[in-house]
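Using the sequences provided together with the hints, build the complete structure.
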Amino acid sequence: MLTMNLEGLEMIAVLVVVVLFVKVLEQFGLLEAGYDDSVEDELELSAVRHRPEGLEQLEAQTRFSRKELQILYRGFKNECPSGVVNEETFKDIYSQFFPQGDASTYAHFLFNAFDTDHNGSVSFEDFVMGLSILLRGTVQEKLNWAFNLYDINKDGYITKEEMLDIMKAIYDMMGKCTYPVLKEETPRQHVEVFFQKMDKNKDGVVTIDEFIDCCQNDENIMRSMHLFENVL
Amino acid sequence: MAAGVAAWLPFARAAAIGWMPVATAPMPVPPQEKRRGKDGLIVLNVSGTKFQTWRDTLERYPDTLLGSTERDFFFHEDSNEYFFDRDPDIFRHILNFYRTGKLHYPRQECISAYDEELSFFGIIPEIIGDCCYEEYKDRRRENQERIQDDEEADPGNELVSADLSFRESMWRAFENPHTSTMALVFYYVTGFFIAVSVLANVAETVPCGSVPNRAKEMSCGERYALAFFCLDTACVMIFTVEYLLRLLAAPSRYRFVKSVMSIIDVVAIMPYYIGLVMTDNEDVSGAFVTLRVFRVFRIFKFSRHSAGLRILGYTLKSCASELGFLLFSLTMAIIIFATVMFYAEKGSSASKFTSIPAAFWYTIVTMTTLGYGDMVPKTIMGKIFGSICSLSGVLVIALPVPVIVSNFSRIYHQSQRAEKRRAQKASKEAGQALVCKTNPNFEVHHHHLLHCLEKTTNHEFLDEKTFETSLREVTLVKQVSRSSSISSASSPHGFTSCCSRRKRKTFNVPNSNMSVGLQGSIQELSTIQIRERPLTNSRSSRSSLNAKFEETVPLNCEQPYITAAVISMPTPPGTTPEGDDSASSTDYSQANIVRVSAL
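Quick note, the sequences are listed as chains A and B, same order. Taken in order, the first sequence gives residues 1 to 232; the numbers are from our numbering. Taken in order, the second sequence gives residues 1 to 599; the numbers are from our numbering.
The hints are simulated quantities; they were obtained by calculation from the structure and are not laboratory data. Be aware that one or more of the hints could be misleading.
[What the hints assert, rightly or not] Listed below are the simulated DSS-like cross-link pairs for lysine-lysine, each with C-alpha atoms no more than 30 Å apart in a straight line:
#  : chain 1 : residue 1 : chain 2 : residue 2
1  : B       : K50       : A       : K77
2  : B       : K425      : A       : K176
3  : A       : K91       : B       : K428
4  : A       : K176      : B       : K50
5  : B       : K102      : A       : K77
6  : B       : K102      : A       : K91
7  : A       : K168      : B       : K465
8  : B       : K465      : A       : K183
9  : B       : K465      : A       : K91
10 : A       : K168      : A       : K91
11 : A       : K183      : A       : K168
The model shown is predicted, which means the values in this text are computed figures rather than measured ones.
Next comes the structure, spelled out in structure tokens:
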């Protein structure tokens, strides 16, 4: 019995010692047991500086007066000293207006709508051109812009999925504490209503002409297009 | 909200055009634009240093000196500027507050000078940004304590004892021995007697030489029993008197009795009284001896005299979790090694490791590197495991101790800071609420924007409390299946705008729950839906944005208000009559909705 004990215990002892040894070596890094846990810091060069075009050029390209451009730029530069807005900052700023909900998805779509050259950042020119359309443009231009916003992949058609994404983003901005309580299918139903109204030939997509046609026939929408003309 | 974000409001409003085609209800009318004042530069001359800024920048905070008409008092016609006879260095920070929305505290400035400037310009210190707030509060506290110390040291400033009642002055004497000579005397006397009592306890047990008629040596306590008894009696009498006096003087007797120090006092003097009461009975003498052990607790009474002891006790208390974890891991290691040693040594003859609990003692002694040597392993296996045990003991004990020590200091400082911050938070929030009166113009437009979103989605914002209460109500009543989608037909006119919402009152309709969206054509008449709402003002849903919105918003609702009203209870299910006065709702099963139509 003595020998049996010894043998059994010997094995255990040897095993324990070996395991401990290996662990200690691992800790000292002499034994590469696991994968490389290298965390590479991504140095984000925040040295991006962008200077906008001259005031005269912007005056010519947009429908804002000199003074208005000055005011706009000052506000813009205050929030984004580097001269460009990246998506994160954009989402941040927009979310501050909707504290109860989650405005980041809608801000993402907005960002893509403003970032006309799709370079990942909105410069002051992009910003001011977008605003010029929204605030001073004709109804046609505004509707065009809205269509562009809804058409996520910019293929000229609004599908139900794209509209559902947009709708969910809008409903997300309401947050959770609403009256009446937001249900799961509310955005979907809203999309159905929208498509019923807009999709004249019932082909499942809304083209730009269908969209503009339908909006021009809807007096509510027409009226609301003029809502923000006095902003600024 | 940062002041700078207000500049982006036009953008947010313009972007709302993206919702318009989606919305099925008409948007609310935008509030009228306030006529913008001349946007010009203002020159502020502060003791010769000229600062310039936009008028708008200053008007961001309308209830400070610079943002309100109060600055007109300082207008200097000759030079067409505003002149302030104040410190320009500190003014720089104040002006930066208007520009960036954050108030900073410069470290090199004197705290009282800074405070004076802030109060002159009407700025509450509570809005100092997080980066500088702690420093500001610390400096302020230091300053106040210094002033307090100066006052206390000043003998002419002492509070006349007649102001306080006898009880209060006694309590003060107990808590702060430095206030009067009597208190000081009392403090030292009690301290002396605590020391005497503890020393007597210790000396009792020292062997004092043998007495001829007894075989073994006697302890001093037995030899001079009477002397020690008298000493003990004297000490206990002093302690009892002290305890009773404290009990008498305490402002809250209940709290005093619950406090740790009083419990220690009681435990210290109880054994004596129990000993008096009980006779020299053989049965209970064992217990009686145990009770005498409690007399050593008298040493804890010193903690009233020493602040350091109190701090130590507090830090131990605050690091209890760390200590607990250390103990737990140690216990685990002890059990493991004791088991292994027991089974390893089982084979050897005359082994001291008779059971696993017996092996505990060996493990503890080895792991703490004490190594008494009363139990040693004899087998080879035992020796191997024993050496592993002692090596790991070094690691297990030596490594966490510095961590715990540093944890002590970190937790201690942190808890102090957290307590400070908690105390400051309440006042800070109150200050924030007062100062957050941002541009009322901005608020009006912001609310209109949110209102447009509500219209687009046909849902309303609620604040948390209202939401939860309404949720509870919904679960009580049978769920109404409602179709949330509203047809594209025109819904109520935009008259149900911000104004009428404010006017909306609670109306307790039994069995009513959510109301359904309206359907139907209403031309001229505006309709208010009165829903069951626990809160009177649903506006409070947006109150998080601005604490004092109701007061600051000048509502320019010039639309006609509802004057007389007709209350009609529509019968379910209602069809839509053409051009009817009242609007009916879409199909719903159980909702009772009260419609108030304007006449």
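Do the hints match the structure? See the list:
Using a Cα cut-off of 30 Å, the hinted pair K50 of chain B and K77 of chain A holds, with the two alpha carbons roughly 24 Å apart. For the suggested pair K425 of chain B and K176 of chain A, the alpha carbons sit about 27 Å apart, so the restraint of at most 30 Å is met. The straight-line distance between the Cα atoms of K91 of chain A and K428 of chain B is roughly 28 Å, inside the 30 Å bound, and the hint therefore holds. Our distance criterion of 30 Å between C-alpha atoms is broken by K176 of chain A and K50 of chain B, whose separation comes to about 50 Å.
With a C-alpha separation of about 17 Å, the suggested pairing of K102 of chain B with K77 of chain A holds against the 30 Å cut-off. Our distance criterion of 30 Å between C-alpha atoms is met by K102 of chain B and K91 of chain A, whose separation comes to about 22 Å. For the hint linking K168 of chain A to K465 of chain B, the alpha-carbon distance of about 25 Å falls within 30 Å, and the restraint holds. With a CA separation close to 19 Å, the supplied pair K465 of chain B and K183 of chain A stays within the 30 Å bound.
A distance of roughly 27 Å separates the Cα atoms of K465 of chain B and K91 of chain A; the hinted pair therefore holds under the 30 Å criterion. Using a Cα cut-off of 30 Å, the hinted pair K168 of chain A and K91 of chain A holds, with the two alpha carbons roughly 16 Å apart. Our distance criterion of 30 Å between C-alpha atoms is met by K183 of chain A and K168 of chain A, whose separation comes to about 11 Å.
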